[in-house]
Amino acid sequence: MNLSIKGFITCKGAELYSDCADYYSSNPDNHSFCISDGVSKSFFPKLWSKNICDKFVQTEVKDNFQFIGEAQKQWQSQIEEIIAQPHVKWYTKAQYNKRSPALATFVGLEFVENDLKWKAWALGDSFLFFVPKNYKDFDGEVIKLSSKQEPIEFDNFPDYYSSIGKNHKGDLQTFEGKLEEGTFFLMTDALAEWFISGKEKAIDIANTWKDQIEFEDYVATERKNGNLTDDDSAILIMKLESTPTGVLVYSTTEITSLEELIQKQELEIRGTEPLELPEEENVLSAEAESREEFGKEETNTPSGFEETTEPPSEPSELLNEENVPTSRTELGQGAEKVQEVEIIEYELVQEEMKKPEFPIEETQEEIPRQENSITKKRFGKMALSVNQVLYEAGTIFLNIFGESKNSEMEQEPIVEKNNEKGEIIKNEAVQVTEIESVENQLDTAEKDGENAELLGNIPEVEKKEDNPTCESEKSEGLIESEKKEESKIQKEVESSITQEKTVRENLKPTNEAAKQITNKF
Amino acid sequence: MNNSKQWSSATPGYIIFLIDQSGSMAEDYTNGQDKAGFTARAINRMINDLILTNSAGDKIKDRVFISLIGYGGSGGNSVDDVRSDYLSSFANSPLRLEKVKKKVSDGAGGLIEIDEEMPIFIESISNGLTPMGEALKFTKELIDGWISKKPDNPAPVVINISDGLPYEGSGDEEPNKTIVAAQNILNISTADGNPLIFNVHIGDGKQEFGFVESDSTLPDDQSKLLFKISSKVPESYRDAARKHDFSLTNDSRGFVSNAGPETLIQFINFGSSGGTDRIV
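If you're matching them up, the sequences are chains A and B in order.
Position 329 of the first sequence, counted from 1, bears residue number 329 in this note's numbering, the numbering being contiguous throughout.
Numbers given in this note's numbering equal positions in the second sequence, counted from 1, plus 521.
Just so you know, these hints were derived from the structure itself, not from any lab.
Be aware that a few hints might be false.
[What the hints assert, rightly or not] Straight-line alpha carbon distances no greater than 30 Å define the calculated BS3-like cross-link-like pairs of lysine-lysine that follow:
{"#": "1", "chain 1": "A", "residue 1": "Lys-93", "chain 2": "B", "residue 2": "Lys-661"}
{"#": "2", "chain 1": "B", "residue 1": "Lys-622", "chain 2": "A", "residue 2": "Lys-41"}
{"#": "3", "chain 1": "B", "residue 1": "Lys-622", "chain 2": "A", "residue 2": "Lys-93"}
{"#": "4", "chain 1": "A", "residue 1": "Lys-520", "chain 2": "B", "residue 2": "Lys-661"}
{"#": "5", "chain 1": "A", "residue 1": "Lys-41", "chain 2": "B", "residue 2": "Lys-749"}
{"#": "6", "chain 1": "B", "residue 1": "Lys-670", "chain 2": "A", "residue 2": "Lys-169"}
{"#": "7", "chain 1": "A", "residue 1": "Lys-93", "chain 2": "A", "residue 2": "Lys-41"}
{"#": "8", "chain 1": "A", "residue 1": "Lys-93", "chain 2": "B", "residue 2": "Lys-620"}
{"#": "9", "chain 1": "A", "residue 1": "Lys-98", "chain 2": "B", "residue 2": "Lys-620"}
{"#": "10", "chain 1": "B", "residue 1": "Lys-749", "chain 2": "B", "residue 2": "Lys-670"}
{"#": "11", "chain 1": "B", "residue 1": "Lys-698", "chain 2": "A", "residue 2": "Lys-520"}
[What the hints assert, rightly or not] Chain A is nowhere near these chain B residues, computed Cβ spacing over 10 Å in every case:
{"#": "12", "residue": "Ala-531"}
{"#": "13", "residue": "Asp-693"}
{"#": "14", "residue": "Asn-705"}
{"#": "15", "residue": "Lys-745"}
{"#": "16", "residue": "Lys-764"}
{"#": "17", "residue": "Thr-770"}
{"#": "18", "residue": "Asn-771"}
[Claimed, not checked] Distance ranges between label pairs, derived from CB positions:
{"#": "19", "chain 1": "B", "residue 1": "Asn-697", "chain 2": "A", "residue 2": "Ser-481", "range": "45 to 51 Å"}
{"#": "20", "chain 1": "B", "residue 1": "Asp-725", "chain 2": "A", "residue 2": "Asn-225", "range": "50 to 56 Å"}
{"#": "21", "chain 1": "B", "residue 1": "Asp-627", "chain 2": "A", "residue 2": "Phe-65", "range": "24 to 30 Å"}
Computed from a predicted model, the values in this text were never measured in an experiment.
Ideal Cβ positions, reconstructed from N, Cα and C, are used throughout, including at glycine.
Bound conformation, chain B alone (with noise of 0.2 Å):
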């Protein structure tokens, strides 16, 4: 079964995260948040997440690599690193933690208030264009990369997130160089199945399309574009997808579009899922 080998210290899996941080990301979202905020605080808090699950104590275990790739967050069609590294060096150096209240079990039937420290691993920013197509681009680099070094290991998974169509700046050529940039990481072969691309589209209250297998009935040009930039689900992924609330076929496409705050964080976690791997 493709994409189904699991996340091992001997096999990592490989997670990029493309995050636009163009300008139109400063617009609000959710209780006093904008996007780009929102956007940061759902990756930090996944990333955190995968730290606790592959902790086993005092040691992190490198199951994953991780790419945080953003593209228009230093202006124009700038595309950035932000961070790329093993599991454990985000978790032994995060940019800051901050610390928050939160309310846990006593063990003895009460409540008690502790502080809690949350990583960042990486900031809101909103500032430039949307040069999708040359994100992308950069993805397929990292991941020949990847699979020249790594033959052995799952095929990488890509989540993409977004506010809006490419743009570039001047013409209409980035859609097109979008979709030309993601079939060539679609077609990729790797021992365990062809590189994954999930997007996601963050809304403005608008009704939410996703999953599913067919674009004949999606409203816009930005569904539409998603479509086609993204992968179909594999049946490794169909019980994650169902697991954070995701209705879908064996065909379905693994994008949604207008989404809002909850299906947001959803969508990151059941990207970064690894399939099976993480369900409990």
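With the rest of the complex left out, here is chain A (with noise of 0.2 Å):
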């Protein structure tokens, strides 16, 4: 019999072929055929799609399944190699360390030449038909074959095998066949459905099918239309044709090697010739090669940041947590840069504090709203620049919103990020940081009629009120002179209100703020 094979493959619209975890393989020397489609929420789907593939055409004796147990090793020999690179990534880790598993279905198709017979398995939502020649009624005479029950619904929960185990879903669905004259057709779901819903209109289509521009041609104008869904894509179709001999004999042979699409497409990426290295690597390298081209930054991942030396603590879990995590592993220039302002920030609360010519005892309480230490050196210079102007009448406290804002908070990062975003947005929080404390101590004070001691805490005038007899001896004019400073202050102290008002109007977010984000849309 002459047997002529196509094989064509495609990723979904939006990702690379290197993304691509259906995968289909084939095997002349024993006419083995076999399609899997790797789960694309499991852990390395395109690792386990291909070693199943591989190894079912590879085994002579495929009914004892051996070849899944031969899968499942190769498949954990990769993991453990990708694991014991330097720069893994932290969620590879996790799912390793959460022993997640690899799920893939399977179509496997033998033909026993001496026999003249075909038999097939299948689990999962792929399928395999044969259509005889010469049919005249799909729903009559096509055979499917899949572990999918009638009637036929497709969803993202289909029958697997697993790369772990033997936590497999589903029951194998097995079929023998006499070899006679028609067309096998194997395909991973998206296909599938297309294919039972067209029926003969589908048949006729896939068999125009010559090459695989033309199968990615109708496959990109059928998902547009809606008519097929938007998914990694494989068929491998082999037609059967009698001779007047018994024996097989390949006439024909196109199939689309995964493998070179992506090669071929990381050299159009690049604009350069591919990495010389096995073709596992290959696939991987020319993955994470052409994310980055394709806009997903690459930004400092934190896989060889430095690791803070805190013992070990008990287990805790979200609702139940004791303890304060074992370690921190910090973005190491991230850290090293709030370090080094945070140093900063003390070396200046510190000469504010000599700044006063007079004892001052600092008043102000512990700032419990945030951990953030540098929020509550903040405070302490704050307060003590509000006495300062209570002392020389204004000028000091204006510096609020003059020298401060623009001598420390432009120094200052208030979260460790790699982005440049928000900037503005930002400083200004800085500011209003520092004006909320002023304000939410004056609004305080005024509140629960401490405004007069707040305002009074002077220790010059307090020790002039406390001392009777230095009153009595005061001049008129003195006296007034007071009057006319603390009113002066007053007023002082209202305008700065009303232009903390004005800068927490101006804290809302800008267009600027929303544009940024849409921006990256």
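Reassemble the complex: the two chains are provided individually, in unrelated frames, and hints are given to aid placement.
And the structure:
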């Protein structure tokens, strides 16, 4: 019998070939063919679907399904190699630690030449169809094989083989038939759904695909029209024609290689020759490179960060957390920068504390709002500044909006972040944190009737008020002068409150802030 | 069916978290954690789950864009973009990683202790007032921008987490402003239906209320306000709600008032489920 084979494969519309988790294999030496669809939300499904296909077509004795165990061993070995790499991502490690498996569907087909029969196995929503030559009725004559039960509905939860242990899902389906003229179609779920829906028309169309380009053009059109789900799509088409001899002869073979598609695409993206690496590594490296090119920027990943050396603590769950985490791994540069700024802030606070000529008792309370020690230090500085204003009639208080803003706040990020957005907001936020501290203190003082105490927390004035002897000796002129001074201070405080409210308004997010976000869409 | 479009790399979903970072979020909540700290950890944990769910091993599929918008966190009536990005960017650059000890199966029937790394994306902040209306106004701008660029994508989902009534510092206009801003969002039309707003109020141990059809039985202004600014739970999300142990009817609004810690976690997970997409 003459056997012509065509095979085409493509990825989801928004992804790269290197993202494709479908795979197929064929082995003319033992007349074996296989197709598999890796479940995209599982752990390295691409490796798993490939291992299933390769091991199936390589094995001679298929009924005992030992090839699954061999595929599992290979997958595990590949994963260990990935995890052992120095810059493996934290989420890759997390899934490895959880022993997350890969999952994949499976359809296998074998021609037993001596017996002139065929055998097939299927688990999941990938399908085998056999369309006899000269068939008349799709529903009555076309053989369908998968583990999906009637009525067939496609969803995100197919049966599968697991790459770890025996946690497979579903019941393996098998079929045996006589080798006769006709066409075998092995395909993954998106095409299977289209095929079942299109029936005779779908058969005719599939038979017209001559090469990968025609196949991809058709898939793209049908996805756009909504007639084909935008998913990885793979199909093997094997046409059997009778010959005088019973020997299977492979007349034409047009099977697209996924690895070649990946390499070619990488070439187009980078415009350079691809690296000379073994096949599996090529796939992984191509993926890593192409990810950068497609705008998914590889920002500084925390894989090479320094670890602190805090002692381990008991395990903690979200609701029952008793301990802080055992250690923190900072983004190296960011952590160093914050530490450096904290030191500068501390020094500035110390200098500020030196300014008053007479001793001042710090009366501010610890701020419980933030754990950020920078804020606490800043409040201390501001409280002293307020006191200074009350002493020196307003000049220094205005520094809240002047020197303080310009000299301290610009040096100081609030959050350790790598991106550049929101700097304006952050600066304003730092500014408002200080203003808010002062405002809250003043508001509290006014509400609680402590205004007089707050405003009067001036050692010289207090000393004089506490000393009736001194007061009685004041001249009228001096008393008048003091009253004028208090009035002036009061006005300046009111002015600062007005200015603070204006700043508050300025804290509302601007159109620019929204634009910075929408630019990322 | 509205709000049923699945998240995919070609048509990612959009979740906007509005996070109350007012001073009152410093109050104790559970097991030595304050409200702000617990909320931050719940959000960090949820994003971690999203990353692992949408990971194919060494690459994260950008099936969702996430905005973390804090209000009050920088003091006063501030509204801040804490972070807005695609999922893979969150995965590739968390603020830091924290190590916790965890016991996992060794595959042979036993348990081994491992170091698990938990990513941190948002810090605990409790500072200013509660400009919820302003935060919702800003959210509308984001949603308008999303729709103009992604008209065929799933309708955005807003999850608002707060511990109090909206307050801007003077007067009592903020609640009305909040209602108007929310209505403006709920009235937006997309190819996938209206955007969804789900609200959770962090409680103080009082009885929880939520997912009701009518506000007639609600006991206080807080829960009545949440009712007014919450979407009806669409059919595509009802299974997700039930999976997370919420009882609801066809006309239930997606909110919980006086949420305890467990309810808060469940609500965040429900709201970020993308409907049926993440149910396994």
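Practice task
Could you work out which earlier hints the structure fails to respect and list their numbers in ascending sequence?
Solution key: The structure breaks hints 1, 5, 6 and 12; every other hint is satisfied.
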